[in-house]
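2 protein chains.
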Amino acid sequence: MKSNSIPKIEIIAVGTELLSPHFQDTNSLYLIERLNDLGLEANFKTIVGDDMDDLKLAIHNSLARARVVFITGGLGPTKDDRTREALASVLKRKLLFRADVFEQIHKRFQRRRIPMPSVNKKQAYVIEGSELLDNQKGTAPGIWMETPSNIIAVLPGPPTELKPMFDVYMWPRLLKFLRIHSVRKTLKITGLTESKVESLIQNDYPKDKDLRLSTLARPGQIEIHLLCQSQINSAHAKKKMKALSSTLLFKLKENVFSTSGEELEEIVGNMLRQRQETVAAAESCTGGYLGHRLTNIPGSSDYFLLSVVAYQNDQKSRLLRVPQDLLYKSGAVSSEVACAMANGIREISSVDYGLAITGIAGPGGSTADKPVGLVYTALAGKNHTEVKRNLFLGDREIIKFQSSQKALDMLRRHLLQSL
Amino acid sequence: MKSNSIPKIEIIAVGTELLSPHFQDTNSLYLIERLNDLGLEANFKTIVGDDMDDLKLAIHNSLARARVVFITGGLGPTKDDRTREALASVLKRKLLFRADVFEQIHKRFQRRRIPMPSVNKKQAYVIEGSELLDNQKGTAPGIWMETPSNIIAVLPGPPTELKPMFDVYMWPRLLKFLRIHSVRKTLKITGLTESKVESLIQNDYPKDKDLRLSTLARPGQIEIHLLCQSQINSAHAKKKMKALSSTLLFKLKENVFSTSGEELEEIVGNMLRQRQETVAAAESCTGGYLGHRLTNIPGSSDYFLLSVVAYQNDQKSRLLRVPQDLLYKSGAVSSEVACAMANGIREISSVDYGLAITGIAGPGGSTADKPVGLVYTALAGKNHTEVKRNLFLGDREIIKFQSSQKALDMLRRHLLQSL
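Protein sequence lines correspond, in order, to chains A and B. Numbering-wise (my numbering), the first sequence opens with residue 65 and increments by one. Numbering-wise (my numbering), the second sequence opens with residue 65 and increments by one.
Derived by calculation from the structure, the hints in this document are not laboratory data. Possibly wrong hints are sitting among the right ones.
EDC-like mimics (lysine to aspartate or glutamate), calculated; alpha carbons at most 16 Å apart, straight line [unchecked claim]:
(1) Lys302/A <-> Asp272/A
(2) Lys249/B <-> Glu149/B
(3) Lys273/B <-> Asp144/A
(4) Lys143/A <-> Glu287/B
(5) Lys72/B <-> Asp115/A
(6) Lys186/A <-> Asp164/A
(7) Lys201/A <-> Glu461/B
(8) Lys315/A <-> Glu287/A
(9) Lys249/A <-> Glu287/A
(10) Lys72/A <-> Asp268/B
(11) Lys260/B <-> Glu287/B
(12) Lys260/A <-> Asp231/A
(13) Lys143/A <-> Asp117/B
(14) Lys273/B <-> Asp115/A
(15) Lys271/B <-> Asp144/A
(16) Lys158/B <-> Glu195/B
(17) Lys249/B <-> Glu81/A
(18) Lys72/A <-> Asp114/B
(19) Lys227/A <-> Asp459/B
(20) Lys317/A <-> Asp272/A
(21) Lys240/B <-> Glu210/B
(22) Lys201/A <-> Glu326/B
(23) Lys303/B <-> Glu326/B
(24) Lys306/B <-> Asp272/B
(25) Lys317/A <-> Asp268/A
(26) Lys303/B <-> Asp274/B
(27) Lys452/A <-> Glu400/A
(28) Lys72/A <-> Asp117/B
(29) Lys273/B <-> Glu400/A
(30) Lys186/A <-> Glu167/A
(31) Lys185/A <-> Glu167/A
(32) Lys72/B <-> Asp117/A
(33) Lys271/B <-> Asp115/A
Using the sequences and the hints, build the whole thing.
Following this line, the structure appears as structure tokens:
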């Protein structure tokens with residue numbers, strides 16, 4: 065097989081649930097991103113269910129129209145996991161029992177002190193002439209096969225298993241197709257609307273066809289994805305990327321919080337760690353989501369000490385030291401109470417910064433003058449208290465996200481100013 | 065064409081952006097939901113870009129393996145909108161200019177007082193033998209074609225154009241396939257591994273081809289999706305579904321927490337509301353995620369009062385009343401401290417139930433005898449304290465999910481027992 069031509073690539077996602085109105089294949093997004101890094105593109109995606117005939121047809125068509133075929137899912141132990149059998153059947157190859165693979169799966173269960181269910185035995189059957197790829201995170205090994213006409217790579221469906229397996233085993237084997245040097249960058253923005261971002265950068269859309277810019281917007285966060293490719297070398301690609309991203313950063317300024325993939329909670333965490341400062345949260349309508357986000361970052365115990373989720377007035381006054389008359393006079397959803405919560409949590413936990421969120425996430429709980437989406441976010445530091453009144457649109461989940469985003473962003477902007 | 069057999073159905077989404085890492089086809093979710101309402105299923109989905117050869121290949125394969133093919137997107141006026149040309153080419157039919165269609169498109173621009181761009185002329189070309197479907201919301205008409213072997217329905221990509229066009233023109237034409245009455249049910253399970261679920265129900269996989277069972281597993285939660293169809297009437301489908309789900313429930317017992325789509329936090333919330341009881345959480349490694357999940361449910365303030373996320377020993381002893389010598393002797397990640405946290409939060413908030421989570425979410429923080437994934441979950445009620453030692457696999461996010469799932473499930477099982 066020649067490796068210096070651009071191969072046609074197809075990704076097949078297997079699973080009847082992916083043909084329901086409720087589930088989407090997301091693994092292909094990761095695979096495509098990694099393929100793009102090699103200068104490769106996917107030509108087709110197919111989604112097919114567990115039905116054996118359909119599955120065989122899909123694999124058959126893909127092998128005919130694409131040279132490299134990734135198949136994800138259907139490697140599990142259950143009766144409706146049929147990828148292995150279907151692929152063997154299309155290729156007219158045998159499935160062979162491998163005692164060493166069986167032993168590995170067995171050991172995995174032993175380590176977890178769980179008896180191995182008999183159904184897992186089928187994961188030890190291997191397609192003749194295929195190479196097994198070790199799965200560090202689950203029981204189903206991956207498969208790599210090269211036939212005269214195709215490269216076939218089979219990956220388990222769970223993303224936590226698929227991603228490392230692709231990166232460790234498949235990426236190096238795909239390097240032979242590397243023909244374009246790619247650089248990627250994502251600018252993450254908060255504090256601006258999508259149309260505001262659009263109007264700021266409208267004259268900076270690249271005309272060079274090796275540069276690609278796409279915008280992805282959701283409430284509270286806008287991402288600008290940049291891809292730069294060069295046939296010369298990666299330094300050339302990087303140089304063009306730098307020119308483009310510098311232009312965009314000049315226009316968007318401090319509204320860009322991340323240029324290397326980090327989420328806002330990570331950026332804020334890094335800033336705190338660098339300054340050896342600490343934060344605590346007082347939450348109401350977010351219910352713990354701010355603490356959850358802050359602690360999604362490994363090592364966050366360096367700077368995150370405490371969150372008190374006080375869902376009722378009583379807890380706000382007892383635990384967060386919000387004066388009862390303030391709650392009575394201004395109401396729990398007010399700028400006064402938000403400030404008192406931020407100062408309260410700062411005092412009781414002796415941190416440098418207290419963040420507070422109080423609002424109405426809906427759908428219930430609104431009044432004539434306090435609609436769903438009204439959220440006060442407050443920041444308390446040494447000799448510094450500030451509060452924002454926000455009116456967020458969206459459902460409960462979106463309002464919770466935007467609230468936590470705004471609180472984190474208030475802290476980020478404050479830290480930027482006081483460098 | 066006979067219409068009394070179940071047709072194979074495929075949905076093709078056309079657009080190069082749908083082969084990027086950032087965008088997903090979502091139109092198919094809507095089409096599948098509406099097809100399901102007719103008792104129909106999609107067998108395949110294909111995503112293909114604007115490349116003419118790829119597009120023709122995809123359409124060619126689909127027409128061969130499916131009887132009804134929906135194609136969405138690629139009907140616009142630009143150079144990379146090629147669905148019409150590709151379909152005509154595959155079917156070996158001419159594209160004919162239709163003056164009346166041209167006039168309609170022209171009028172549309174006139175109404176909006178915009179000059180008609182010359183590129184829009186191509187939208188007035190019609191595949192020989194096809195029927196045009198009016199687009200009230202855009203310039204690209206839809207297409208309906210019946211050939212001896214296929215029904216082909218082409219829809220514009222924008223959801224606001226696609227949805228009404230499907231509902232008004234295609235739904236009535238698909239009614240002739242309505243011959244099956246469908247019922248759906250999802251059993252959600254926690255507390256068992258996928259393999260354990262599989263071994264419990266392995267003899268209950270339906271042999272009746274009108275019943276379908278598919279399993280979707282992630283750490284901490286397994287879903288069994290059931291579909292039951294009847295050619296007689298919907299009462300018959302319901303009766304068969306009831307028999308199947310009863311069998312499964314008998315095998316899986318109280319490990320099934322939901323049969324109507326609810327998540328665990330909603331089930332636990334409903335149980336608490338019904339009993340007019342309350343809960344509070346003391347969290348460490350979950351960082352607020354338990355509170356976040358509980359408060360994702362509208363109206364959760366009826367039963368959720370407080371969560372204290374104490375990320376440090378100092379906060380655990382000061383706010384949650386965990387004795388300092390216990391933290392010193394057993395360590396923060398221990399069954400003793402988990403119990404003390406659960407009892408502590410219960411006392412300070414005067415709730416009926418205190419839930420506590422303490423563990424190591426990783427990747428750092430482990431010791432020789434306390435590995436990543438070691439999590440203690442505790443429940444404290446009146447005269448009742450229980451604690452579980454868990455060893456979860458996965459990354460930080462998955463360990464946080466499983467920890468919150470286990471805590472919620474402990475409360476659920478306790479409430480079930482004490483009905």
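**Request:** Find the hints from earlier in the document that the structure breaks and name them by number, from lowest to highest.
**Result:** Per hint list: 2, 10, 12, 13, 20, 22, 23, 29 violated.
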